[in-house]
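**Q** Taken in order, these protein sequences are the chains called A and B.
The working numbering applies: residue 138 is where the first sequence begins, and numbers increase by one.
The working numbering applies: residue 138 is where the second sequence begins, and numbers increase by one.
In case anyone wonders, no lab produced these hints; they're calculated from the structure.
Mixed in with the good hints, there may be bad ones.
[Unchecked claim] Keeping only pairs whose Cα atoms sit at most 25 Å apart, straight-line, the calculated PhoX-like set for lysine-lysine is: (1) B:LYS291 x B:LYS281; (2) B:LYS349 x A:LYS291; (3) B:LYS349 x A:LYS360; (4) A:LYS243 x A:LYS281.
[As the list claims (entries may be wrong)] Rough simulated footprint, nothing fancy, chain B against chain A, three-plus residues with beta-carbon under 8 Å: (5) 209–216; (6) 305–314; (7) 327–338; (8) 380–388.
Since the structure is predicted, the reported quantities are computational estimates derived from the model, not experimental observations.
Ideal Cβ positions, reconstructed from N, Cα and C, are used throughout, including at glycine.
Number of protein chains: 2
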Amino acid sequence: MNIGFIGLGVMGRPMAQHLIEGGHTVLLNRVKDVSQHLVEKGGQAVATAREVAEASDIIILMLPDTPDVEAILFGSDGVAEGLSSGKTIVDMSSISPVATKELASKINQLGCGYLDAPVSGGEGGAIAGTLSIMVGGEQSDFDKVLSVFELMGKNITLVGGVGDGQTAKVANQIIVGLTIGAVAEGLLFASRAGADPAKVREALMGGFASSKILEVHGERMIKRTFDPGFRISLHQKDLNNALSAGRSLNLPLPATAQCQELFNTCAAQGDGELDHSGLVKALETMAAHKTAGEA
Amino acid sequence: MNIGFIGLGVMGRPMAQHLIEGGHTVLLNRVKDVSQHLVEKGGQAVATAREVAEASDIIILMLPDTPDVEAILFGSDGVAEGLSSGKTIVDMSSISPVATKELASKINQLGCGYLDAPVSGGEGGAIAGTLSIMVGGEQSDFDKVLSVFELMGKNITLVGGVGDGQTAKVANQIIVGLTIGAVAEGLLFASRAGADPAKVREALMGGFASSKILEVHGERMIKRTFDPGFRISLHQKDLNNALSAGRSLNLPLPATAQCQELFNTCAAQGDGELDHSGLVKALETMAAHKTAGEA
Chain A
138 MNIGFIGLGV
148 MGRPMAQHLI
158 EGGHTVLLNR
168 VKDVSQHLVE
178 KGGQAVATAR
188 EVAEASDIII
198 LMLPDTPDVE
208 AILFGSDGVA
218 EGLSSGKTIV
228 DMSSISPVAT
238 KELASKINQL
248 GCGYLDAPVS
258 GGEGGAIAGT
268 LSIMVGGEQS
278 DFDKVLSVFE
288 LMGKNITLVG
298 GVGDGQTAKV
308 ANQIIVGLTI
318 GAVAEGLLFA
328 SRAGADPAKV
338 REALMGGFAS
348 SKILEVHGER
358 MIKRTFDPGF
368 RISLHQKDLN
378 NALSAGRSLN
388 LPLPATAQCQ
398 ELFNTCAAQG
408 DGELDHSGLV
418 KALETMAAHK
428 TAGEA
Chain B
138 MNIGFIGLGV
148 MGRPMAQHLI
158 EGGHTVLLNR
168 VKDVSQHLVE
178 KGGQAVATAR
188 EVAEASDIII
198 LMLPDTPDVE
208 AILFGSDGVA
218 EGLSSGKTIV
228 DMSSISPVAT
238 KELASKINQL
248 GCGYLDAPVS
258 GGEGGAIAGT
268 LSIMVGGEQS
278 DFDKVLSVFE
288 LMGKNITLVG
298 GVGDGQTAKV
308 ANQIIVGLTI
318 GAVAEGLLFA
328 SRAGADPAKV
338 REALMGGFAS
348 SKILEVHGER
358 MIKRTFDPGF
368 RISLHQKDLN
378 NALSAGRSLN
388 LPLPATAQCQ
398 ELFNTCAAQG
408 DGELDHSGLV
418 KALETMAAHK
428 TAGEA
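Same shape as in the complex, but just chain A (with noise of 0.2 Å):
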């Protein structure tokens, strides 16, 4: 099949690598240095995102976020230009889910199928193509791409029609911030009540406090390594995609708010392009704490 690959970024460039080993036929634009490999290895590379349209049959996004979305798909020598009717658009981006809708809708009028299939799993889920996606759109849509999917990642799920996969990154990035809140509130009061937060951890582990947070994050925040993983600048894009649908939405996110506004005492200090395990130290600011993983 050929399949074109827009976003050649940290995350784009093992997905598409992936797709070319897997023996498809992979169409790149905006190839550069770090991107040269994937031409070596037989990815095609053309000039603009319309040529990449042209001579595929399923056209893969994965790009920062909904503006450049948009500039990609409807922009000059943009994708729609290049569409032909029966081709499928699956947007790996994670971005807006009330854009996605709007732009699907576009697309559909084209003759086009469109998925939103946001990952999360990480740099290093992406290498090793074990990506969780959540897929929103048709299910036929999905059949067509799903052994597409499957060279990428593991837990691969239908969450519902267009925008439910970007609802459900949302909900995941709600979820992983709070949580991460969660486990910093906590053993850091451990830490300040003289426990040791490392013993705390412990003990906590495999009962109702027990999440893949309080494995991870939670030995970052007692081992002081918030090298990235993921970055807090990119997880307060994520609240902020959560806080702006929930105002439209009239829904209040009272905990969401109050995590954006940690994160955000993370990068005031300069923390922002820490790991967001990070927002450990949003809290210890407040506390004139040296450090959660003081005994």
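Starting from the known structure of chain A, fit chain B onto it as the hints suggest.
**A** Just chain B now, with coordinates in the frame of chain A:
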């Protein structure tokens, strides 16, 4: 070994039964109709806490809150009156870590050991003998009691010195409460945005959002099964312990405070005796939203 067990409530009864079945001589007081079966199985009823202490090497307490423990230890005909040098007090209640250090100091002055050993796992864990037990105190006292703990629990950790068991329990209740809030806000967002929260929960399991709470309490929110489980009113007591200790430690706990306010909202609307997953109903009230379960 002769073991005293004081506090034959919902948790205490099955815990004491495991000790009797483990071959120990178990001294009981305040035996009522609901605990009569423990005497039939071999437990020895006496009249007062003082008499329990006189006849036992280890005296276990399983009581509701800090004042109950203070009264049973140092009140008239209480445990302290029956102690002699070399006995060990094991407080398995969930009470204040600050008060615990004072109580332990007074017990130590009588020549006796003191362990704080609160549990998590609820009535189900007590019946199955699979409680998590978080212990604070001296290694030598822990070694003396370990085989007794093993009759009641599975994940048994000596967290640190006296009080550190209670500190770990408070940290546990902070993390559990806030993770319930995280899952509630994420699933409510999904629902209000038009996705099926059951499908979203499924898509998120296995990734960084995964937790025991998403698994168990997330399902309760979706299926609207709010019979306890662990009651909101008890979680309010635990978060009150957390916030009181935080105040005395000069430690701000902003997310814990917000979570307590949501539990207070539940209590205000008559939901205080629901399972703590019912926290989602406070958010639904704020959002004028029928249920988190509606698709």
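**Q** Each hint should be assessed against the structure and marked as holding or not.
**A** Now the hints, each set against the structure:
no.: 1; hint: B:LYS291 x B:LYS281; in the structure: holds (17 Å)
no.: 2; hint: B:LYS349 x A:LYS291; in the structure: holds (21 Å)
no.: 3; hint: B:LYS349 x A:LYS360; in the structure: holds (24 Å)
no.: 4; hint: A:LYS243 x A:LYS281; in the structure: holds (20 Å)
no.: 5; hint: 209–216; in the structure: violated (count 0)
no.: 6; hint: 305–314; in the structure: holds (count 8)
no.: 7; hint: 327–338; in the structure: holds (count 8)
no.: 8; hint: 380–388; in the structure: holds (count 5)
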